[in-house]
Structure formats: C-alpha cells, structure tokens
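Enquirer: Spelled out, the chains give:
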Amino acid sequence: MTVEFKEKFIEKILLLIAFSSISILALIAFFIFGEGLPLIWKIGPKTFLLGGRWVPGQGEFGILPMIIGSFWVTFGALLLGLPLGLACAIFLCEWTPPWAGMILRSAIQVLAGIPSVIYGFWGLVVLVPLVRNYLGGPGLSILSGSLILSIMILPTIISISEDSLKALPPSYKAGALALGATHWETIWRVLVPAARSGIVASIILGMGRALGETMAMIMILGNAVKMPSSFLDSARTLTTNIGIEMGYATGDHRQALFATGVILFLIIMFLNTLAIVLSRRRVG
Amino acid sequence: MAALSTMGVMALIILQVLSEGIPVFSPRFFLDSPRSMGREGGIFSTIIGTIALTVVAIVVATPLGVGTAIFLGEYTREGRISRVIRFGIGCLAGVPSIIFGLFGFVFFVIYLNMGWSILSGGLALAAMILPTIICTAEEALKAIPYSFREVSYSLGGTKWETVTRAILPNAIPGIFTGIILGVCRSIEETAVVILTAGSSLIIPTSLFAPVRTMSVHFYILAREGISMEMAYGTGAALILLVLFVNIVANWRLNRYIRKRA
Numbered sequence: 066m067t068v069e070f071k072e073k074f075i076e077k078i079l080l081l082i083a084f085s086s087i088s089i090l091a092l093i094a095f096f097i098f099g100e101g102l103p104l105i106w107k108i109g110p111k112t113f114l115l116g117g118r119w120v121p122g123q124g125e126f127g128i129l130p131m132i133i134g135s136f137w138v139t140f141g142a143l144l145l146g147l148p149l150g151l152a153c154a155i156f157l158c159e160w161t162p163p164w165a166g167m168i169l170r171s172a173i174q175v176l177a178g179i180p181s182v183i184y185g186f187w188g189l190v191v192l193v194p195l196v197r198n199y200l201g202g203p204g205l206s207i208l209s210g211s212l213i214l215s216i217m218i219l220p221t222i223i224s225i226s227e228d229s230l231k232a233l234p235p236s237y238k239a240g241a242l243a244l245g246a247t248h249w250e251t252i253w254r255v256l257v258p259a260a261r262s263g264i265v266a267s268i269i270l271g272m273g274r275a276l277g278e279t280m281a282m283i284m285i286l287g288n289a290v291k292m293p294s295s296f297l298d299s300a301r302t303l304t305t306n307i308g309i310e311m312g313y314a315t316g317d318h319r320q321a322l323f324a325t326g327v328i329l330f331l332i333i334m335f336l337n338t339l340a341i342v343l344s345r346r347r348v349g
Numbered sequence: 608m609a610a611l612s613t614m615g616v617m618a619l620i621i622l623q624v625l626s627e628g629i630p631v632f633s634p635r636f637f638l639d640s641p642r643s644m645g646r647e648g649g650i651f652s653t654i655i656g657t658i659a660l661t662v663v664a665i666v667v668a669t670p671l672g673v674g675t676a677i678f679l680g681e682y683t684r685e686g687r688i689s690r691v692i693r694f695g696i697g698c699l700a701g702v703p704s705i706i707f708g709l710f711g712f713v714f715f716v717i718y719l720n721m722g723w724s725i726l727s728g729g730l731a732l733a734a735m736i737l738p739t740i741i742c743t744a745e746e747a748l749k750a751i752p753y754s755f756r757e758v759s760y761s762l763g764g765t766k767w768e769t770v771t772r773a774i775l776p777n778a779i780p781g782i783f784t785g786i787i788l789g790v791c792r793s794i795e796e797t798a799v800v801i802l803t804a805g806s807s808l809i810i811p812t813s814l815f816a817p818v819r820t821m822s823v824h825f826y827i828l829a830r831e832g833i834s835m836e837m838a839y840g841t842g843a844a845l846i847l848l849v850l851f852v853n854i855v856a857n858w859r860l861n862r863y864i865r866k867r868a
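Taken in order, these protein sequences are the chains called A and B. Its first residue numbered 66, the first sequence is counted upward by one per residue in the numbering used here. Its first residue numbered 608, the second sequence is counted upward by one per residue in the numbering used here.
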C-alpha cells in the first residue's frame, strides 16, 4: 500500500513540475499582454501598428517603422545566412572526413557560445567603419546589422538542417546514386528536397532568432526612428525599441514598450508554431 | 568554402577581441572592483554578479527541467498531455530574451516586489534556460536502452526506483551537457539581466541586492564609450570564460563516460 502510494505521489509531483514548466509560458503571455494590451486599445490597434510616428513625449506611439526595420534586418540576415548555413550543413553531412567534421562542429558550438554583445561590439568596431568608408552612409545600418545577424543565426540553421539531412533513410541516397545521378545531383535533387521540412524549420527558427536579437542590434543599427529606405540607412527594430527605452520609460510610454513586446511575442509564437508543425511532418 | 568562411569569421572575431583584451589583464583587473563607472579598477564585482546569477538560475532550472524531462520520457505515453507540454516547451524555447526580460521586470521585480536583484535576475534566467535543460535531459533519457528498464522491472523495481537507480545515473552526462549549455547562456545573456538584476557595481551581500554581470558591464562600457580598453578586457575575459566552461565540461564528461563504460 505505502509503496503504491509513494509511486502515485511521485507521479503527481512530476506532473505538477511538468505543468509548472509550461505555465511559465502562460505567465509570460499573461503579464506582457496585461501591461501592453490596454495601451493598444486606448490608442487603437490601427494607429499603433500602422502609425509612422513614435514620439513618446507627445503620446504618439506608432510602431510601423520598427516593424519594417525588423523585417528588413531579418530578411537581410536570411539572405546571407541561409546559403552559407545550408552549404555548411550539406558539407558536414556529405563530404567532411570525420576529423574535419569534429573540428567544424566544435567551431559551430563555440560560434553559438559567443555572447551576443561581443558580436555587437565586433560589428561596431570592425564592420561599421568598413561599411561607412566603402559604401557610404552612417555605417550604423541595416547592412551591418544583417551581416552580424547572419553570422549569429548560422549555428541554428546549420545544426537543424544537418539533423534533418542525417535523418533521411540511407536508401534515398543509394537509390539516387544507383540510378546514375552524380553526388551533387543526388544532394540537390533528392536529399535536400526530401529534408525540406526540416530545412524550412531551421530557416524559421533562424528567423525567430534574428527577430529576437536585441543587444547586438542596439549597438549596430543606429536606432533612428524612421522608415528605412535603403540597406545603408540606420533603423530600429521591435526588440531594440524595447531595449533602449525600457530603462527610463514610465506610464503610457512603458505600456507602449510592453505593447511592442506583445506584437513581437505574437510574431514569434506564429513562427514557432509553424516551425513545430513543419518539423513534425517527417518524411516516412 | 562555406565551412571555411564560417570558421574564418569565428577566428576573426575571437582573435580580434582577445588580442586587444588580453594585454589589459592583470591580477588587479580581476581582483579590483570597477571605479569611476568602470573607467578604472577591475571587474571583480561583475564576476561575482555573473556567478551569483548563474548559480540561482541553475539551482532553480535544473530540478524543474529534469523533472519535466522524466515526466515526459518515463511517465507518459505520447498523448494529448505530452503533446501540449512539448508544444509549450518548443514555444518557450523560441521566446526572445528581451521578452523574458520584460516578463521578469513586471513579474519578479514589480509584481512580486523583489526589486532589481540577484533573485529576480536568476529566476528570469531560469525561465529562459529551462527549455534547453528539458530538451537535452529528454534526449539523454531517450538514449538509455529499453533493456535497462526491463531488467529493473523484472528485478521487482518500482517505476521510481527504476528511474533513480537504473536510468538517471546513466543519463547524467546528457543532463550535465544541458546544464552547461544553460550556464553558458546565463553568462552571455545581457537583455534579461539588465532589466531584472539592474546594473549596480557594488558587491552584492544578499539575494535581494542588485548586481551587474560581466556581459552587462561590457555592454555599458562599449555602448556608452566609457573605456574601450576596459571593454576589450571584459570582452576577452567573457570569451575565455565561456570557452573554459565548454572545455572543462567536455573533458569531465569524457572522463565520466570512460569511467562508466
């Protein structure tokens, strides 16, 4: 009896722990929405989302420039990071001798471990002057931000794409090679398409990472609140908007920053759900 | 080519910061607290801050994370409950750190009235690293052959005895990897810490004291242009710390595996 009771008790405790783990997500949503939603209703979702002016002192809160800024930076990061990441993943799976794979994998692990502030700092002292001198503009720009972000999302893209390429049954490759395809044709026409749900998931997660990056972007983007018109313009993203102004914001202004968080949270949740659904759909 | 350029970029970043930063190192740099906003002195109080926050985060997140992983791996079949939990963890893993920072700020700092403190910061960090610990622990449990469980049951072991005596000891290396990843993320995190633990330079005396971590210190030095020299020094120390944790963890892990094999 007592043993049975103890077992049941432990099971209940573990269930409780598991639920408290995910209840954190609910808590986060509850508190961020609780702080942010009132302001969105007060000034109207349309003015908030599509307003082009952000002047907290005068009570004007329009986050369209930040949404556009986030979009540009993320898009730029994917444009540069995706080909590189995918190439790395394919190389790791198909060509690397084991010792080189070991080195490369630990290099990627280290790359993932470098603090984001250090990426930001490096971008600030090395990349920004380069862009300013050779391409013009302030240097603190979407281009510099995208370059740094593309490096930061590499580990995500490489590791998840590699996993999904590795998970393919060996018969796919053997079959393609037996039909007379070259190694490259096998990779490009058979393996990559077969692993595409995993690859797409890695892209989406990389996108989430890029959208969520704050500190490095504060240091590199220049943080001007205006509609960016070229890749050399300075910009502000949803995250940097929160990061910069949270330190001193009060009242409506602070609520507006939480409202920015609400929008960011919704975008990220949407991307996450998409990634989870996609990665579940394995090729059988 | 792609692989080489990845490694090239990494080497470039690390070498640049290290070569500028290491000349700043001296015993006083590590053992003195920052003076005049960090322009002079060392980084002692920020090292203490980093350690304190990381310890709180790990102490809170490990039991929660491992407990959740055990529940998912050993106590449920794939069903609606496990699917909901897994979905929640997946989503939590993707939440950007600034959101954890905002959450920590309203919930721990204001709502629970803990103020900017080690406790608030550590708890917010714990929430952030929880998914990492759960996922790695679950993988570690999955990697244990099913025969271990069958043998334990056939010897009359109960479920809990099987978990604690037959499965957990063998899953420790995997769980440990997750904890190390959590440590690294806590060390490098800036956005969460700056919003929940403040940026005080005073050496903390209790869990309710505000602190500044090395990452935050580095960020403030570099962004406000207080002292490039000190910023490089702190950055180099930060990189070396993360590398050191990784290397030591790998080494300990290999030894553990070899001992048990």
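It should be emphasised that the hints constitute simulated quantities derived from the structure, not laboratory data. Where hints are given, some of them may not hold.
As the list claims (entries may be wrong) - In silico BS3-like cross-links for lysine-lysine, where the CA-CA straight-line distance does not exceed 30 angstroms:
| # | chain 1 | residue 1 | chain 2 | residue 2 |
| --- | --- | --- | --- | --- |
| 1 | A | Lys231 | B | Lys766 |
| 2 | B | Lys766 | A | Lys238 |
| 3 | A | Lys107 | A | Lys291 |
What the hints assert, rightly or not - Which stretches of chain B does chain A cover? Using the computed rule of at least three CB atoms under 8 angstroms from a CB of chain A, they are:
| # | region |
| --- | --- |
| 4 | 643-651 |
| 5 | 692-699 |
| 6 | 719-730 |
| 7 | 779-786 |
| 8 | 842-852 |
Beta carbons: idealized from backbone N, C-alpha and C, even for Gly.
Enquirer: Among the hints numbered above, which are violated by the structure, and what are their numbers in rising order?
Expert: Violated hints (numbers, rising): 1, 2, 4, 6 and 7; every other hint is consistent with the structure.
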